[in-house]
Amino acid sequence: MLEIKNINVYYGVIHALKNISLKVQEGEIVTLIGANGAGKTSTLRTISGLVKPSDGSILLDGKEISGINAQEIVKMGISHVPEGRRIFPDMTVLENLELGAFLRRDKAEIKKDMEKVYERFPVLGRRRKQLAGTLSGGEQQMLAMGRALMSRPKIMLLDEPSMGLAPLLVKEIFEIIQDINSQGTTILLVEQNANMALSIAHRAYVLETGSIVLEGPAKELAQSEDIKKAYLGG
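The sequence shown: position 47 = 40 (the working numbering), numbered continuously.
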C-alpha cells in the first residue's frame, strides 16, 4: 500500500533521513520506534508532503506521491495526526471535526462519518459545542484522531499519540488505535512508548540517527535483547 524507497531529507546541512526504505501493507499497524531526534517525525512529515525529500521515492498504491502537495496527499487517502495534536483551540470540537472533512463534498456521508466519530469517542459528542482548547490532553488526542478520520483515510499516520497522557489514558488510546485498524484503516505509528507500540503493531522499524537499523515482526523485536536494553528498559 505505502512504500518508501531510499528517501533522503536535509534540513540545511543536517542530513535528517538517510536512505530510508520501508513498507506498510494494507490492514497493518506498523510502528517506527527510536530515540528523540532519530528521524521518526521527519519520516511522517515527508510522507504527508510537509517536508520535501531531496531524492528517493514514496509510493501510495503504486503511485508516486513524493512531489505532490500535502492537500492532494490527503485527498489520495493519507491523514496525519501530528505530534502535539495540533487541534484548533479557539474552534469548537464540531468545527475541528468539520475541518477534517474540508476536502470532501459528500455531505450525507460526512454526516454519517461525524456520527461514527461520536460513537467511537462519546466524549466528543457530549462536548461538540465546547472550545477544543478547553479539552483535557486525552480528549484533545481523541479529537485529533477523530478529525483525521473525517477525511476517510486509507492510512493514518500517528505521531506520538501517547505523549503527555496518564497511563490509563495511554491504554485507552492504544485500544482505540487497534479498533480503528480493525475497522479497515491502515496505521503507521510513531511512538516513544516502545512497549505499547510493539504490543499492538504487526511489524516494526527501528530508527537511529536518521537510518533504519532494524526491522521485523513487532513481537520478535520486543523479545530482542538489544531492543530491550535500548528502548524497553530491559
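Careful: at least some of the hints might be erroneous.
Claimed, not checked - Okay, the calculated beta carbon distance ranges per label pair:
#  : residue 1 : residue 2 : range
1  : LYS45     : ARG97     : 23 to 29 Å
2  : ASN(-1)   : ASN29     : 23 to 29 Å
3  : GLY55     : VAL206    : 35 to 41 Å
4  : GLU165    : GLN123    : 42 to 48 Å
5  : LEU161    : GLY118    : 16 to 22 Å
6  : ASN1      : LYS122    : 43 to 49 Å
7  : ASP172    : GLN123    : 21 to 27 Å
8  : GLN216    : GLN64     : 26 to 32 Å
9  : LEU43     : GLN185    : 31 to 37 Å
10 : ASP172    : GLU102    : 32 to 38 Å
11 : GLY20     : GLU65     : 19 to 25 Å
12 : TYR3      : ALA101    : 43 to 49 Å
13 : GLY20     : LEU124    : 33 to 39 Å
14 : SER175    : ALA101    : 21 to 27 Å
The set of hints was computed from the structure by calculation and includes no laboratory data. We put the beta carbon where it would ideally sit given N, CA and C, even for glycine.
Cross-check of the supplied hints:
1. Between LYS45 and ARG97 the beta carbons are some 26 Å apart, a value that agrees with the proposed interval 23 to 29 Å.
2. Between ASN(-1) and ASN29 the C-beta distance comes to about 24 Å, which sits within the given range of 23 to 29 Å.
3. Between GLY55 and VAL206 the beta carbon distance is about 28 Å. The supplied range of 35 to 41 Å is therefore violated.
4. Evaluation of the 42 to 48 Å hint for GLU165 and GLN123 yields a failure: the beta carbon distance comes to about 20 Å.
5. For LEU161 paired with GLY118, a C-beta distance near 21 Å keeps the hint of 16 to 22 Å intact.
6. About 46 Å separates the C-beta atoms of ASN1 and LYS122, a value consistent with the hinted range of 43 to 49 Å.
7. Between ASP172 and GLN123 the beta carbon distance is about 24 Å. The supplied range of 21 to 27 Å therefore holds.
8. For the pair GLN216 and GLN64, the beta carbons lie near 42 Å from each other, so the given range of 26 to 32 Å is not met.
9. Distance hint check for LEU43 and GLN185: the Cβ-Cβ separation is about 20 Å, which falls outside the suggested range of 31 to 37 Å.
10. For the hinted restraint 32 to 38 Å between ASP172 and GLU102, the CB-CB distance of approximately 20 Å leaves it violated.
11. At roughly 24 Å, the beta carbons of GLY20 and GLU65 sit within the given window of 19 to 25 Å.
12. Range check, TYR3 to ALA101: about 45 Å between beta-carbon atoms, so the 43 to 49 Å window is met.
13. Remark: the range hint 33 to 39 Å for GLY20 to LEU124 is upheld by a beta-carbon distance near 36 Å.
14. A beta carbon spacing of about 25 Å between SER175 and ALA101 agrees with the range 21 to 27 Å that was offered as a hint.
Violated hints, in rising order: 3, 4, 8, 9 and 10; the structure is consistent with all others.
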